[in-house]
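Based on these hints, arrange chain B on the given structure of chain A.
Take a look at the letters that make up each chain.
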Amino acid sequence: MNKQISIAAANSSDSPPDAAPFFIRGMLVEGADDIHRSRDLGVSFATPKLDLNALVRPRTELPPLLNVPLAEIIDFLAEAGEQLGRKSNVHVDACIEHMAKVSLQPRTAVEYMVKSAAEYLDPKSLREVVEQNFPNPEALDGWVPHTDHQGRRSFIRAYPPRLIHVLPGNAPGQGIRSIAQSALVKAVNVFKMASADPFSTVAFLRTMADIDPEHPVVKSMSAVYWPGGAEQVERVLYRPQYFDKLVAWGGGDAITNVMKYIGPGFQLISFDPKTSISMVGKEAFASDEAMAEAATLNAADVAMANQEACVCSRFTFIEATPEQADRYCQILAQQIRIDRMGEGAPRPLEMDLREQIETLRLLDDDFAVFGELDGRGIAIRSDEPVDFHPLRKTSNVVCVPSLEAAFKHVNVATQTVGVYPFERMTDLRDYLASCGAQRVVRLGEAGPSAIGNPHDAMYPLHRFVHWMANEDGCEDPR
Amino acid sequence: MPLLLPHTAYKSYPESFLTGKRWDRLTKWLGTVSTQPTDNISVEGVEDVDSWIRACEAAGHYVSCTSGTTGKPAMLPAAKADLEFAAQEGVEAVQWGSGIRVGDDRTLISFGAIAQSPRNAATGMALVGAFADFAKLAAPGDGPSITVGSITRMIELRKTIGDGTARPEEIAEFERESAVRQEALDATLEKAVDRIIAHRGDKLLIMAMWGPLYQLAEAVRGRGYSAKDFSPENATFLGGGLKRAKVPENYREIIFETFNLSPRFTYQMYGMQETQTSMPRCNEGGRYHIPAWMVCLPLDKEGDNLLPCGPGPVVGRAAFFDLSIKGRWGGVISGDRIEVDFGPCACGSPSPSIRDDITRYADLDGDDKIACSGTVDAYVRGLT
Chain A
1 MNKQISIAAA
11 NSSDSPPDAA
21 PFFIRGMLVE
31 GADDIHRSRD
41 LGVSFATPKL
51 DLNALVRPRT
61 ELPPLLNVPL
71 AEIIDFLAEA
81 GEQLGRKSNV
91 HVDACIEHMA
101 KVSLQPRTAV
111 EYMVKSAAEY
121 LDPKSLREVV
131 EQNFPNPEAL
141 DGWVPHTDHQ
151 GRRSFIRAYP
161 PRLIHVLPGN
171 APGQGIRSIA
181 QSALVKAVNV
191 FKMASADPFS
201 TVAFLRTMAD
211 IDPEHPVVKS
221 MSAVYWPGGA
231 EQVERVLYRP
241 QYFDKLVAWG
251 GGDAITNVMK
261 YIGPGFQLIS
271 FDPKTSISMV
281 GKEAFASDEA
291 MAEAATLNAA
301 DVAMANQEAC
311 VCSRFTFIEA
321 TPEQADRYCQ
331 ILAQQIRIDR
341 MGEGAPRPLE
351 MDLREQIETL
361 RLLDDDFAVF
371 GELDGRGIAI
381 RSDEPVDFHP
391 LRKTSNVVCV
401 PSLEAAFKHV
411 NVATQTVGVY
421 PFERMTDLRD
431 YLASCGAQRV
441 VRLGEAGPSA
451 IGNPHDAMYP
461 LHRFVHWMAN
471 EDGCEDPR
Chain B
1 MPLLLPHTAY
11 KSYPESFLTG
21 KRWDRLTKWL
31 GTVSTQPTDN
41 ISVEGVEDVD
51 SWIRACEAAG
61 HYVSCTSGTT
71 GKPAMLPAAK
81 ADLEFAAQEG
91 VEAVQWGSGI
101 RVGDDRTLIS
111 FGAIAQSPRN
121 AATGMALVGA
131 FADFAKLAAP
141 GDGPSITVGS
151 ITRMIELRKT
161 IGDGTARPEE
171 IAEFERESAV
181 RQEALDATLE
191 KAVDRIIAHR
201 GDKLLIMAMW
211 GPLYQLAEAV
221 RGRGYSAKDF
231 SPENATFLGG
241 GLKRAKVPEN
251 YREIIFETFN
261 LSPRFTYQMY
271 GMQETQTSMP
281 RCNEGGRYHI
291 PAWMVCLPLD
301 KEGDNLLPCG
311 PGPVVGRAAF
321 FDLSIKGRWG
331 GVISGDRIEV
341 DFGPCACGSP
351 SPSIRDDITR
361 YADLDGDDKI
371 ACSGTVDAYV
381 RGLT
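Sequence order for the protein chains is A and B. Sequential numbering of the first sequence, starting at 1, is according to my numbering. Sequential numbering of the second sequence, starting at 1, is according to my numbering.
What the hints contain is simulated information worked out from the structure, not anything from laboratory work. No false leads were slipped in.
With the C-beta cut set under 8 angstroms, the calculated list includes, among others, these residues of chain B facing chain A: (1) 28; (2) 163; (3) 333.
Note that CB positions come from ideal geometry on N, CA and C, so glycine has one too.
Only chain A is shown next, with the shape it has when bound in the complex (with noise of 0.2 angstroms):
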């Protein structure tokens, strides 16, 4: 548990921060007034001086996609993400290189992640995100009539909602993400970008204005950063007046301090932090096979996006003996450090990780560690899980009589759960749903994901738009 200190320069960076423009309804505001710090890494990044006043339009000014309909807003946005796939990409290249020294991922993370984001935006997942959401996708584009069992007349309308969306700093593909589906709901937006990632966002925003500056779509979209929390611009902006509803990602204090704003009229659609998790039955110790298919599988769900993700698998509960799963903790171990995003040299695992593992590895009658402590991953068996959160690429194995048994380590904060053997998965179901699990995945596949489902136990699309209701009387009044 000592560790190894040498004599090293200090490091002092002088290099001028990295600019980061903002985005206003088209416009690129670009200048260096601000000076922020990214979370993380500490890397300095300079803003423009943020003006309020250009982000709230009055209400009486009607949303500019109201009247464009939908398979146009498609067109647009495949568009876009034509050019964003492009192999070339000026804006996207400089926001790469930019993320790349922001980010705690590496950068062919990065790179994969915002170049693969631009596949979402096919317009065949469009169209099939926006039927999986809306019962009847004709309510975006116009007031969709309806006469309930007693004759009384309606006209519904999913109508744009005026939204503000703050940002996830660990997924550099979640901006075109948000700009997409706030386009398809035609909504009024502005985005606040996360000091772990202030490019992305306005990276592909620009790319859509070098198609058309005037699109009804760029004329929608606002993307500025200011640090989570501060009241001199929250208290001013998150009002009902101004936004329908936040629609924020994740957790920690940017979303503790986004609840005293919650009232009346300003509505949250928060997408809460997550834990992933594994559930591997005895099935896998019927062969060798068996056990390095199931170790195999499982490791890709933990290494995924370097582990930062909460699709990431972080425990992995196992029908197992504590031998047993020493075997296939050595496989998973084995896979879990193989370098597949060509990293290199990984940065060093955090002083306090390090120091909990190592103590692990000490008492070896209830732990058993496999890997090294060098970044590229590890593996922790025990009978108990871990208090602490599992990073880095790091899995604990918990061994447990039954997978029944691990339900009550499912809870509320439980995202994906990846099975194996697969068949289980109808078996487990619904108890993981009561338990608070939102995703049941086979082994391996937590990370790609069926286009258009729930996402955090909610269609997301359906809670964003404003449901308005026009009610035209009964057909034959009495």
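Positioned in the frame of chain A, the structure of chain B alone reads:
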């Protein structure tokens, strides 16, 4: 060469050892942070953590726990010699860093919850013995104390709320207990105010942290008393930083003006639970001085590399090797950012010294973190 432990080493035991009452395991863990083998500790008959600590003590291991509110408490083993050294050194440091002297016979005013631990008991007794008027000691039981047992119960409840197994009545019971505790805490403020006013003609020694001391000053002012009612020889012993207490910017002035305090009789020190040596603040230079047996090793922010130390100040993560400690390893990496200067101070002392602007890295980093991954801790309300 391996030299330093992170301060978190002293809370690196799995929480389940504590909540699951696995005393043999906890004892084994203690052995990993102690210089003495712990296999002489008998855990027979140990029922809770307070009695485990007594069992450790019976075998010559004096375990002090820090008083985190809901987080895992750190457990710092010490030898008997450490407690004796800390007691003696504490008294010397007060005299080095202020005009307070042994035999002053001051009326002692202490306020704020204090964690019960062998170390706090030893140093507290020594300070009382050196500076206080025995005839005017407060009745025992006046101050609220925090035992590691009560912290453990809080950790257990937090865990059961998180996993959904806490029954509503358990939470309701906890809320009732908290309310009672808060009332008791409020009552101690009133008692301390009464006591300080009753003894306002005496030469006082006020021992508190900045936050509670500010509360006390406000309450005393509220009752209409101020500097003119108090002795100009009043002294204060201030430990620690603000610890996130909410106070106005001029809190120091308010405190000093209320109790008629002067720099001469103000003792301030920098220290940490993981080491045992006090670093007293000098008046002339306003800096914390590092005694000869305490080696300061400023590291980079990550705590991985020693910073080059030439002439002039160095800013970095504080790490120390306290050569006086016998019962545990003396080298520790703290969570603090300090500016240390190995040259002489304006006060004339040649010892290395630390500027009076110590901050915790955790506070510096701020709270602008937002990510979709997270734990059930974010879903537990009301236990912070």
